[in-house]
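Below are the chains, spelled out letter by letter.
There are 2 protein chains.
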Amino acid sequence: MSEKSPIVMHLSRDGHHHSGDFGDSPSLLDYINTATPFTLPAPCGGKGRCGKCRVVVVEGEFSPVTDGERRHLSPQDLARGLRLACLVRPTAGPARVELEGERAGVGNKASLIEEKFAILPPFRKTLLTLPQPGLQDQASDQSRILRQLGEDAPGMPLAVLRKLAGALRKNGFSATLCHSRDRVIAVEAGDTRDSLYGVAVDIGTTTVAAYLMNMTRGENLDVLSALNAQGAFGGDVISRIHYAMTRPEGLRLLGVKILDQIDSMITALARRNGIDPERIYGVSLAANTTMLHLALGLPPENIAAAPFISVTTEAQRVPSRELGLSIAPGALVQVLPSISGYVGADIVAAVLAGGMDQAESPCLLIDIGTNGEIVLGDRSGMVACSTAAGPAFEGAHVRNGVGGVAGAVNGVFPGKGRPAFTTIADAPPLGLCGSGIVDLLALLLRAGIVDETGRMLSRDEAASAGIPDDYLRGMTEAEGEPAFVLVPEEESAVGAPIMMTQKDVREIQLAKAAIAAGIDTLIGHAGITPGEIGTLRLAGGFGSYIRRESAAAIGLIPGELLHRVEVMGNAAGRGAIMALLSENMWKRCDEIRRAVRYIELSSSPEFQDAYIDRMFFPKENTKTDNKL
Amino acid sequence: MSEKSPIVMHLSRDGHHHSGDFGDSPSLLDYINTATPFTLPAPCGGKGRCGKCRVVVVEGEFSPVTDGERRHLSPQDLARGLRLACLVRPTAGPARVELEGERAGVGNKASLIEEKFAILPPFRKTLLTLPQPGLQDQASDQSRILRQLGEDAPGMPLAVLRKLAGALRKNGFSATLCHSRDRVIAVEAGDTRDSLYGVAVDIGTTTVAAYLMNMTRGENLDVLSALNAQGAFGGDVISRIHYAMTRPEGLRLLGVKILDQIDSMITALARRNGIDPERIYGVSLAANTTMLHLALGLPPENIAAAPFISVTTEAQRVPSRELGLSIAPGALVQVLPSISGYVGADIVAAVLAGGMDQAESPCLLIDIGTNGEIVLGDRSGMVACSTAAGPAFEGAHVRNGVGGVAGAVNGVFPGKGRPAFTTIADAPPLGLCGSGIVDLLALLLRAGIVDETGRMLSRDEAASAGIPDDYLRGMTEAEGEPAFVLVPEEESAVGAPIMMTQKDVREIQLAKAAIAAGIDTLIGHAGITPGEIGTLRLAGGFGSYIRRESAAAIGLIPGELLHRVEVMGNAAGRGAIMALLSENMWKRCDEIRRAVRYIELSSSPEFQDAYIDRMFFPKENTKTDNKL
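In order, the protein sequence lines correspond to chains A and B.
By the working numbering, the letter at position 145 of the first sequence is numbered 339, and the numbering carries on one by one without gaps.
By the working numbering, the letter at position 7 of the second sequence is numbered 201, and the numbering carries on one by one without gaps.
No lab work stands behind these hints: they were computed from the structure.
Treat each hint with caution, since some may be false.
Cβ-Cβ distance ranges computed for the label pairs, FRET-style [said to hold, decoys possible]:
| id | chain 1 | residue 1 | chain 2 | residue 2 | range |
| --- | --- | --- | --- | --- | --- |
| 1 | B | A582 | A | R441 | 53 to 61 Å |
| 2 | B | L329 | A | R265 | 34 to 42 Å |
| 3 | B | L329 | A | G721 | 15 to 23 Å |
| 4 | B | L324 | A | D331 | 50 to 58 Å |
| 5 | B | P288 | A | V202 | 24 to 32 Å |
| 6 | A | E255 | B | L329 | 50 to 58 Å |
| 7 | B | L324 | A | P442 | 26 to 34 Å |
| 8 | A | E255 | B | D218 | 39 to 47 Å |
| 9 | A | S555 | B | L324 | 35 to 43 Å |
Covered stretches of chain A, going by a simulated chain B footprint (3 or more residues, C-beta under 8 Å) [stated by the list, open to error]:
| id | region |
| --- | --- |
| 10 | 498–505 |
| 11 | 789–800 |
Everything numeric in this text was worked out from a predicted model, so none of it was measured.
For glycine and all other residues, C-beta sits at the position ideal for the given N, C-alpha and C.
Given only the sequences and the hints, what does the whole structure look like? Please build it.
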């Protein structure tokens with residue numbers, strides 16, 4: 195009987211509260227992410243592997259602590275009520291659970307670089323002053339407009355027609371029409387010609403960025419970034435595809451999550467800039483292929499398995515109402531084209547932003563995010579590939595890895611004595627983000643603590659090899675293997691030391707080998723030498739914050755290109771902005787799609803060879819005489 | 195306390211049951227029509243005037259019987275538990291109420307006449323046999339199709355893309371594309387080229403008809419008609435506009451009602467003909483202007499008051515998904531154009547169906563439904579008007595008036611002795627539908643019981659005027675005025691005599707005067723004489739069943755055109771079918787819209803004069819010597 199009674203759940207986070215019936219959800223994580231307004235991150239897809247979905251149970255009875263939780267939570271954690279939401283469910287209520295506040299949005303992804311091109315929006319405004327209707331002139335509202343505009347006037351979507359009567363009558367039949375060549379986007383009372391706005395959106399697997407643009411002046415008014423609300427359903431594209439295809443309504447649910455999030459971001463951008471969201475007449479959307487599929491409700495399952503086929507790689511124009519965006523009634527969402535299942539519209543946007551398709555000499559573009567996408571070429575043609583680099587550089591699958599949030603260690607330096615570090619927003623350290631991981635590994639390589647093959651010395655081996663005391667002090671063991679503590683427990687914000695383990699090194703080693711081998715393969719296909727590459731462009735949040743010396747030190751990028759590196763910031767966002775602001779740029783996206791030849795690495799023997807070669811760390815950067 | 199407890203309602207009709215909380219609905223009618231799957235007719239808009247929303251209360255406590263109910267219900271009715279749903283609400287529950295079965299659908303509106311024109315559907319099918327994807331050919335599903343179709347292939351709406359991956363893989367990348375010039379409507383696994391269906395819909399204020407068409411052969415496979423589900427919200431366009439504009443969510447609710455009904459009708463048609471509803475690739479829609487506004491969610495308020503402006507009179511193509519129709523994912527609903535706020539797409543369709551726009555000599559088209567619309571002209575041009583005839587000819591505002599349902603008296607004849615009558619489906623008589631009303635009035639005029647001015651003799655006057663006994667026997671009083679009983683109580687299916695009252699005669703007199711005056715006004719505008727009119731076409735259900743002699747006898751149609759009458763059946767439905775089957779016919783609708791000049795009668799002095807003239811009944815048809 196007591197088993198069958200409903201269990202009332204009370205959740206709170208940052209002062210927000212939600213109550214409901216737990217029902218028969220398989221886990222607290224599942225309940226929170228599907229039945230409440232809150233979301234919890236679960237990069238491992240809720241399998242108890244990543245330990246990121248921590249909650250504090252405050253009241254009620256819960257299922258017993260599992261071994262999985264003991265792997266991620268210390269006895270002190272458990273004593274404080276910490277549990278992993280994916281491994282726990284309430285057994286008797288009422289149950290009360292607290293969620294930690296979201297630490298998102300501290301802007302690793304929101305940077306924007308100005309680019310010179312002619313502003314040429316796909317829509318414009320026309321002021322209409324129409325004669326008032328009367329018994330002698332009974333033309334319908336739409337006919338009255340068409341009579342003025344002429345025969346080949348653009349058509350009016352139903353959503354525009356629904357608001358037409360009100361708009362015309364509010365200001366005595368003086369109204370402003372916003373329209374493209376073939377479609378009326380809005381009809382507004384009075385003269386609103388000075389308001390013309392649009393939003394460019396870049397959906398990253400981890401982070402979503404939205405840019406509010408003044409479409410007349412091409413000016414970026416504001417930007418907003420946030421963790422992708424789908425993060426709760428898996429940290430990487432494969433987990434999300436798995437969720438979409440195996441859960442009932444999974445695809446619909448993921449679509450709703452991201453579209454609701456984009457709608458909220460657009461509304462927030464408009465509101466805080468004093469703009470009516472209905473004055474936003476267009477949205478451009480860049481993202482990797484899977485994120486686009488999920489946002490558009492296209493089944494992504496065939497992307498997940500060979501031969502990795504997406505439903506579409508073409509550019510799309512979708513009525514914003516169909517995607518539930520509360521902007522101008524007839525607005526279109528312009529979805530940028532993709533190249534393949536793993537080289538998406540975000541890469542097309544980055545190629546556009548960098549002008550690679552018009553470059554005189556070969557450029558190499560690397561975007562290391564959850565996957566590593568690489569493009570090589572110039573105006574004469576381009577080749578691209580995607581490497582299954584894994585999300586190690588985004589902090590996943592790394593013991594103390596975190597995303598680019600406040601408190602993430604984003605830089606590590608030799609320092610005096612012990613290695614020194616910096617954190618994002620100078621907050622107390624809570625883990626290592628990508629640039630911190632690369633810096634720390636480069637340092638361990640230079641110190642000789644990690645050798646060319648990726649093996650980490652034990653403390654005893656290090657002592658006998660003459661590693662200085664300041665480094666020896668950091669050497670410990672984790673999971674029965676050597677590890678190096680960067681931040682001791684007493685300085686850490688998470689109540690435990692922040693370290694890099696032997697296993698972490700292996701993860702990074704695999705990831706960097708994949709990217710380096712991808713570069714080698716493209717160079718081979720392009721028939722050039724590394725020396726012929728004029729520029730190495732690093733795109734994405736990781737590319738912006740990584741120290742190029744460290745990247746070269748671990749062999750992630752070719753050493754000979756170290757001084758030809760250009761950091762692009764959020765190139766995908768920038769390309770999306772360009773496609774929004776200019777019809778010519780929008781058309782160029784499609785030209786780029788056609789100009790880039792995709793190289794499938796999974797069936798490439800060259801890649802296999804290069805992958806094994808690149809597994810080792812560069813010799814010149816590893817210390818063999820064991821002195822710093 | 196007892197006032198505040200929820201009142202549980204149990205409703206039943208035809209073996210279907212619904213239970214729910216009555217909440218704070220203002221009346222039982224409002225509750226039934228907004229919170230349950232049932233609908234009750236309420237031609238007066240729920241104001242207690244028409245007495246049509248009868249229900250039987252079986253259990254529970256209800257508000258006291260009102261004077262309004264006593265006007266419509268006899269003491270015997272009240273003793274049986276009969277109440278008017280608009281004037282009663284439960285006061286304590288549980289309450290149990292029975293609704294009478296719907297008597298709809300006995301086909302006054304469903305007739306169809308074959309017309310000769312070239313079948314030229316706006317979409318066609320193409321069989322695709324695509325190469326299978328592999329690691330050497332990773333083109334996306336959409337690219338794979340475009341590669342085969344070529345550069346200027348039609349675009350794919352999101353709804354089609356969402357089903358693309360499944361459709362291509364179900365039959366080894368052999369698939370059939372259904373597409374128009376610029377839009378893919380569906381992609382289906384295998385070879386489905388022999389399935390090409392469409393549906394034409396005519397939304398009448400009272401009745402909705404849907405025609406399932408084989409689009410390849412132009413063959414009508416099936417037809418379905420039903421009472422308009424919006425009937426619950428008022429019997430005429432003005433009541434519905436009032437509901438839409440004064441109730442919160444009124445417009446949305448009316449839209450949902452009719453779109454749900456159309457969707458159900460289409461699904462039912464498909465199912466009972468063994469057709470997958472997704473194999474329906476197009477819908478054409480004709481209706482009066484208000485019904486179109488309500489179906490499309492366009493605010494109709496400016497149609498209701500001078501100068502009677504509609505949001506649009508243009509043809510529209512609306513994605514079927516936007517209207518919630520579960521047909522082929524990319525299908526469009528083609529909405530026929532209208533002429534004005536009161537001369538709708540149904541009239542454009544009727545002009546097309548009759549070929550008036552290509553006629554050599556003037557035609558007169560009359561569609562008497564809830565309003566009376568009239569068009570006069572030929573290939574050289576047309577004029578049209580709408581008369582506020584009121585719904586008298588549809589049985590409303592007439593004491594024993596009913597719609598064209600089984601049991602409606604649809605013909606009255608002199609007979610031997612007492613007047614004889616026929617009923618629809620030979621069912622026991624339950625009231626007079628339009629053709630019965632006109633027949634009976636014509637008979638009373640010929641008998642001298644009603645004089646040229648519309649005055650009905652009292653029984654005493656009739657006796658002294660020498661009216662034969664068989665007619666005298668029918669003469670009685672109602673509401674203090676003379677009345678004529680056609681069906682005595684003992685033969686009637688409603689437990690009361692079926693009669694025509696003095697007040698009924700006045701209603702019909704006003705209605706027929708409006709139509710006759712409308713005809714006069716158009717003839718004046720066209721600058722012709724009645725003798726030049728080659729054909730008089732009667733459209734609509736009433737026009738199909740009316741006896742032309744009776745119509746001429748009461749002065750509804752010009753006597754000199756009696757032998758030039760052609761009955762069109764549901765001309766609007768037929769025109770909608772033609773527009774569905776042929777792109778040329780669809781284009782002609784727009785030509786008709788432009789060719790017809792609308793004459794506003796409310797500001798026409800000619801109409802005012804003619805209206806007064808036509809108030810009298812034709813002299814030649816009234817008996818002055820009081821003999822039959």
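Now the hints, each set against the structure:
About 58 Å separates the C-beta atoms of B:A582 and A:R441, a value consistent with the hinted range of 53 to 61 Å. Taking 34 to 42 Å as the suggested C-beta distance range, the pair B:L329 and A:R265 conforms, at roughly 38 Å. The given range of 15 to 23 Å is respected by B:L329 and A:G721, whose C-beta atoms sit roughly 22 Å from each other. In this structure the hint that B:L324 and A:D331 lie 50 to 58 Å apart at CB holds, the actual value being about 55 Å.
The hinted window of 24 to 32 Å between B:P288 and A:V202 holds, with their beta carbons roughly 29 Å apart. Remark: the range hint 50 to 58 Å for A:E255 to B:L329 is upheld by a beta-carbon distance near 53 Å. At about 31 Å, the beta-carbon gap between B:L324 and A:P442 stays in the expected band of 26 to 34 Å. Evaluation of the 39 to 47 Å hint for A:E255 and B:D218 yields a pass: the beta carbon distance comes to about 40 Å.
In this structure the supplied range 35 to 43 Å holds for A:S555 paired with B:L324, their Cβ-Cβ distance being about 39 Å. Given as covered by chain B, the region 498–505 of chain A passes the check, having 6 residues with a CB less than 8 Å from a CB of that chain where 3 are the minimum. Coverage of a stretch by a chain is defined here by at least three residues with a beta carbon nearer than 8 Å to that chain's beta carbons; for the region 789–800 of chain A and chain B the count is 4, and the condition holds.
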